[in-house]
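Number of protein chains: 2
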Amino acid sequence: MAVAELSPSYVNSRLSATQLPSLSAPVTNRRRLALQRRPRTALISCSVVPEQVKAPVAVPAEDSRGKPECFGVFCLTYDLKAEEETKTWKKLINVAVSGAAGMISNHLLFKIASGEVFGPDQPIALKLLGSQRSFEALEGVAMELEDSLYPLLREVNISIDPYEVFQGAEWALLIGAKPRGPGMERADLLDLNGQIFAEQGKALNAVASRNVKVIVVGNPCNTNALICLKNAPNIPAKNFHALTRLDENRAKCQLALKAGVFYDKVSNVTIWGNHSTTQVPDFLNAKIYGIPAKEVINDIKWLEEEFTEKVQKRGGELIKKWGRSSAASTAVSIADAIKSLVTPTPEGDWFSSGVYTDGNPYGIAEGIVFSMPCRSKGDGDYELVKDVIFDDFLRQRIAKSEAELLAEKRCVAHLTGEGIAVCDLPEDTMLPGEM
Amino acid sequence: MAVAELSPSYVNSRLSATQLPSLSAPVTNRRRLALQRRPRTALISCSVVPEQVKAPVAVPAEDSRGKPECFGVFCLTYDLKAEEETKTWKKLINVAVSGAAGMISNHLLFKIASGEVFGPDQPIALKLLGSQRSFEALEGVAMELEDSLYPLLREVNISIDPYEVFQGAEWALLIGAKPRGPGMERADLLDLNGQIFAEQGKALNAVASRNVKVIVVGNPCNTNALICLKNAPNIPAKNFHALTRLDENRAKCQLALKAGVFYDKVSNVTIWGNHSTTQVPDFLNAKIYGIPAKEVINDIKWLEEEFTEKVQKRGGELIKKWGRSSAASTAVSIADAIKSLVTPTPEGDWFSSGVYTDGNPYGIAEGIVFSMPCRSKGDGDYELVKDVIFDDFLRQRIAKSEAELLAEKRCVAHLTGEGIAVCDLPEDTMLPGEM
Numbered sequence: 001m002a003v004a005e006l007s008p009s010y011v012n013s014r015l016s017a018t019q020l021p022s023l024s025a026p027v028t029n030r031r032r033l034a035l036q037r038r039p040r041t042a043l044i045s046c047s048v049v050p051e052q053v054k055a056p057v058a059v060p061a062e063d064s065r066g067k068p069e070c071f072g073v074f075c076l077t078y079d080l081k082a083e084e085e086t087k088t089w090k091k092l093i094n095v096a097v098s099g100a101a102g103m104i105s106n107h108l109l110f111k112i113a114s115g116e117v118f119g120p121d122q123p124i125a126l127k128l129l130g131s132q133r134s135f136e137a138l139e140g141v142a143m144e145l146e147d148s149l150y151p152l153l154r155e156v157n158i159s160i161d162p163y164e165v166f167q168g169a170e171w172a173l174l175i176g177a178k179p180r181g182p183g184m185e186r187a188d189l190l191d192l193n194g195q196i197f198a199e200q201g202k203a204l205n206a207v208a209s210r211n212v213k214v215i216v217v218g219n220p221c222n223t224n225a226l227i228c229l230k231n232a233p234n235i236p237a238k239n240f241h242a243l244t245r246l247d248e249n250r251a252k253c254q255l256a257l258k259a260g261v262f263y264d265k266v267s268n269v270t271i272w273g274n275h276s277t278t279q280v281p282d283f284l285n286a287k288i289y290g291i292p293a294k295e296v297i298n299d300i301k302w303l304e305e306e307f308t309e310k311v312q313k314r315g316g317e318l319i320k321k322w323g324r325s326s327a328a329s330t331a332v333s334i335a336d337a338i339k340s341l342v343t344p345t346p347e348g349d350w351f352s353s354g355v356y357t358d359g360n361p362y363g364i365a366e367g368i369v370f371s372m373p374c375r376s377k378g379d380g381d382y383e384l385v386k387d388v389i390f391d392d393f394l395r396q397r398i399a400k401s402e403a404e405l406l407a408e409k410r411c412v413a414h415l416t417g418e419g420i421a422v423c424d425l426p427e428d429t430m431l432p433g434e435m
Numbered sequence: 001m002a003v004a005e006l007s008p009s010y011v012n013s014r015l016s017a018t019q020l021p022s023l024s025a026p027v028t029n030r031r032r033l034a035l036q037r038r039p040r041t042a043l044i045s046c047s048v049v050p051e052q053v054k055a056p057v058a059v060p061a062e063d064s065r066g067k068p069e070c071f072g073v074f075c076l077t078y079d080l081k082a083e084e085e086t087k088t089w090k091k092l093i094n095v096a097v098s099g100a101a102g103m104i105s106n107h108l109l110f111k112i113a114s115g116e117v118f119g120p121d122q123p124i125a126l127k128l129l130g131s132q133r134s135f136e137a138l139e140g141v142a143m144e145l146e147d148s149l150y151p152l153l154r155e156v157n158i159s160i161d162p163y164e165v166f167q168g169a170e171w172a173l174l175i176g177a178k179p180r181g182p183g184m185e186r187a188d189l190l191d192l193n194g195q196i197f198a199e200q201g202k203a204l205n206a207v208a209s210r211n212v213k214v215i216v217v218g219n220p221c222n223t224n225a226l227i228c229l230k231n232a233p234n235i236p237a238k239n240f241h242a243l244t245r246l247d248e249n250r251a252k253c254q255l256a257l258k259a260g261v262f263y264d265k266v267s268n269v270t271i272w273g274n275h276s277t278t279q280v281p282d283f284l285n286a287k288i289y290g291i292p293a294k295e296v297i298n299d300i301k302w303l304e305e306e307f308t309e310k311v312q313k314r315g316g317e318l319i320k321k322w323g324r325s326s327a328a329s330t331a332v333s334i335a336d337a338i339k340s341l342v343t344p345t346p347e348g349d350w351f352s353s354g355v356y357t358d359g360n361p362y363g364i365a366e367g368i369v370f371s372m373p374c375r376s377k378g379d380g381d382y383e384l385v386k387d388v389i390f391d392d393f394l395r396q397r398i399a400k401s402e403a404e405l406l407a408e409k410r411c412v413a414h415l416t417g418e419g420i421a422v423c424d425l426p427e428d429t430m431l432p433g434e435m
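Those protein sequence lines, which keep their order, are chains A and B.
Each residue of the first sequence is one higher than the last, beginning at 1 in UniProt numbering.
Each residue of the second sequence is one higher than the last, beginning at 1 in UniProt numbering.
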């Protein structure tokens with residue numbers, strides 16, 4: 001049993017510089033990012049008139065330090081161009097994820113890295129945003145991504161600075177948010193998380209791609225998305241989404257269960273409005289086997305009185321069963337939301353997303369982020385669907401969610417540059433099972 | 001804004017029985033499985049002569065009750081045959097997973113359901129095995145799978161009875177195992193978990209597909225796999241695998257880091273032996289850019305003294321960083337292990353799996369489960385690779401792992417039908433960071 005012996009000259013003759021670009025480079029040790037923290041503005045309570053708070057101004061990228069340092073094996077040189085000769089790689093895209101050390105991200109990041117979300121020929125650079133407290137966990141996530149050997153995952157960076165993480169980002173998936181503490185009102189949460197999303201909006205405005213697509217998952221996600229887009233005036237408002245796809249998926253599942261059909265036969269399901277208990281799962285436009293769901297299900301009492309509750313109670317039920325919130329299916333729904341923007345929407349169908357209402361054809365108030373039916377050509381952009389129908393029942397429920405989002409907007413005026421915040425949120429509309 | 005009105009006759013004219021098979025069925029409520037528990041044999045301590053324990057006998061499928069009840073939306077009728085007309089669906093396969101409520105499964109099940117593992121045209125039935133304690137969590141997992149709307153996922157069943165879950169199984173992914181308690185010796189763990197795998201082997205033997213492929217993940221996985229296959233004499237011993245793929249993936253990552261190349265340039269990495277600290281990550285046969293890793297890395301001291309330790313310490317490092325064990329990357333490696341069996345191995349390369357040693361060409365003792373280099377035609381089967389080289393250093397280390405597995409085998413003789421157990425395990429060889 002002899003060891004194969006290769007002379008150095010044999011080795012050299014086999015390897016040209018382009019074939020093996022970093023053989024001559026020094027051994028790469030794992031490098032870590034220095035922990036750097038931007039000074040935080042003091043927390044502003046929503047019920048206090050915030051006189052000192054100015055309208056948001058785009059922060060110049062004063063401290064952009066070029067490409068942030070990479071993690072472990074992802075620091076290695078690779079030659080994407082050389083690979084183009086044999087494979088049809090697309091250009092590397094930068095995907096920034098906040099809350100990257102959390103459970104939702106722990107599912108989502110591996111989906112993105114595997115090629116399941118952006119496609120099997122799309123190289124990915126992941127930029128992971130965490131907190132100082134979670135920084136070691138973030139390193140753990142990066143190590144697990146290394147150990148997974150995903151060929152499409154070409155760069156991983158970890159940081160606690162949004163200005164570093166969002167540098168050149170083409171997608172920003174904003175998952176991180178503070179959970180609601182005991183005794184905390186929705187207004188408090190709006191303010192607490194609003195601060196985070198105002199800061200992240202400023203960072204996106206300063207350093208992200210001018211056409212970055214932003215999906216806000218951290219709650220209250222509609223108003224967080226609004227705050228984010230208002231703090232990023234140089235990015236099209238149309239590019240900001242609040243995630244209501246999990247609600248849509250749950251609505252489809254409940255309609256399928258009720259109709260006795262497999263869920264791939266259910267289409268055209270819209271979630272209208274806020275990601276809260278005022279949300280409106282739309283059974284009027286929904287179709288089963290291509291015909292109106294109302295005709296198939298034929299139980300108007302169930303549709304009007306039980307369906308919405310079933311969709312909304314799902315998260316709470318899951319927490320009871322499973323002991324924690326639904327990280328896996330939330331991650332699936334984020335992947336679905338992205339896929340809906342990067343692949344053409346099937347003929348005749350649509351998907352729900354919380355998007356900016358300016359110019360909407362439904363008569364919904366402008367200047368809020370409202371979940372509505374969208375279609376995409378697969379280019380990352382979307383258009384609102386025109387051929388939907390309304391009846392009084394649907395209109396009334398949409399109006400209620402609209403009123404709530406307008407109230408939430410008044411409550412965060414100090415964070416959107418629209419003056420003095422006035423909070424008059426009447427009731428708690430957090431979805432059960434959410435933070 | 002008028003509601004579209006469709007007359008009943010219009011509805012009927014559009015829908016034939018095959019198009020909409022269960023419209024006329026009564027509303028399907030979520031049904032639950034009755035909790036049924038098989039009597040457990042008393043725990044037998046490894047150091048005690050187990051005179052009462054008989055050699056395993058295949059248990060007849062006395063209580064096979066036909067198809068177990070399904071979960072929620074997966075109970076709905078669907079017509080796979082009707083779909084065949086438009087799509088090229090394959091025949092539904094049954095995939096059984098134990099420890100289904102745990103964190104590794106929480107990642108793996110969604111990968112399987114998405115089509116990432118068995119392919120985009122392979123419908124899946126998932127059979128989830130949990131414990132009485134975890135039964136509600138199992139329902140939570142099934143609910144999250146419902147909410148994910150995976151079109152390939154056609155059936156989900158949950159149960160605490162392996163005879164029910166393994167019924168007709170074509171794949172059995174045995175992830176569930178008891179964690180090692182404080183002060184518990186490896187010998188105790190071998191016995192405690194060995195009991196579980198003996199029972200599951202009997203269940204597989206009684207009710208699974210005669211060509212079921214079994215991947216054992218629960219530790220100590222090599223000897224658990226041995227116990228399992230010895231209790232399933234009617235299933236080919238060749239069909240049982242112990243997972244060493246995470247070790248292989250980690251070894252590839254460390255070689256890439258050291259060589260300064262991206263990990264997709266590293267190939268032919270074997271993990272030899274036991275999934276324990278006696279495992280042998282093989283740098284002698286490993287290749288980087290197709291040439292021997294030793295020639296590329298050219299640092300024999302690092303290869304001989306640090307490389308193996310780096311691979312093995314990874315799990316412990318991750319626990320320190322991340323606060324829990326590496327569920328996500330373990331799930332990725334299980335998916336990799338399955339994909340390696342259902343897709344043809346790339347020309348010239350191989351993968352590692354812990355398989356039965358009978359007939360191996362390396363001179364390794366027969367009758368144990370040992371990780372070795374395998375190739376597959378993609379038909380679920382594999383063959384051992386013949387063209388590997390050995391030197392004294394590799395031989396010595398392989399011999400040490402072989403000796404350990406032979407000792408483990410003597411320690412579980414009461415569970416494999418080979419007589420009286422004698423335990424002489426000299427040291428603790430659990431990998432850091434594993435249960």
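These aren't lab readings, by the way, just hints derived from the structure by calculation.
Careful, some of the hints might be misleading.
Under the rule of at most 27 Å between Cα atoms (straight-line distance), these lysine-lysine pairs were calculated in the DSS-like manner [stated by the list, open to error]: (1) A/K90 / B/K265; (2) A/K238 / A/K321; (3) B/K265 / B/K238; (4) B/K400 / B/K294; (5) A/K287 / A/K320; (6) B/K320 / A/K339; (7) B/K91 / B/K320; (8) A/K287 / A/K91; (9) B/K178 / A/K321; (10) B/K294 / A/K178; (11) B/K313 / A/K178; (12) A/K91 / B/K91; (13) B/K178 / A/K320; (14) B/K265 / B/K90; (15) B/K320 / B/K287; (16) A/K265 / B/K301; (17) B/K377 / A/K265; (18) B/K320 / B/K294; (19) A/K287 / A/K178; (20) A/K339 / B/K90; (21) B/K313 / B/K287; (22) A/K90 / B/K294.
Hint by hint, here is what the structure shows:
no. : hint            : in the structure
1   : A/K90 / B/K265  : 20 Å, holds
2   : A/K238 / A/K321 : 38 Å, violated
3   : B/K265 / B/K238 : 30 Å, violated
4   : B/K400 / B/K294 : 22 Å, holds
5   : A/K287 / A/K320 : 31 Å, violated
6   : B/K320 / A/K339 : 35 Å, violated
7   : B/K91 / B/K320  : 44 Å, violated
8   : A/K287 / A/K91  : 38 Å, violated
9   : B/K178 / A/K321 : 21 Å, holds
10  : B/K294 / A/K178 : 49 Å, violated
11  : B/K313 / A/K178 : 33 Å, violated
12  : A/K91 / B/K91   : 37 Å, violated
13  : B/K178 / A/K320 : 24 Å, holds
14  : B/K265 / B/K90  : 33 Å, violated
15  : B/K320 / B/K287 : 31 Å, violated
16  : A/K265 / B/K301 : 61 Å, violated
17  : B/K377 / A/K265 : 36 Å, violated
18  : B/K320 / B/K294 : 31 Å, violated
19  : A/K287 / A/K178 : 37 Å, violated
20  : A/K339 / B/K90  : 25 Å, holds
21  : B/K313 / B/K287 : 22 Å, holds
22  : A/K90 / B/K294  : 33 Å, violated
Comparing the model with each earlier hint shows violations of hints 2, 3, 5, 6, 7, 8, 10, 11, 12, 14, 15, 16, 17, 18, 19, 22; every other hint is respected.
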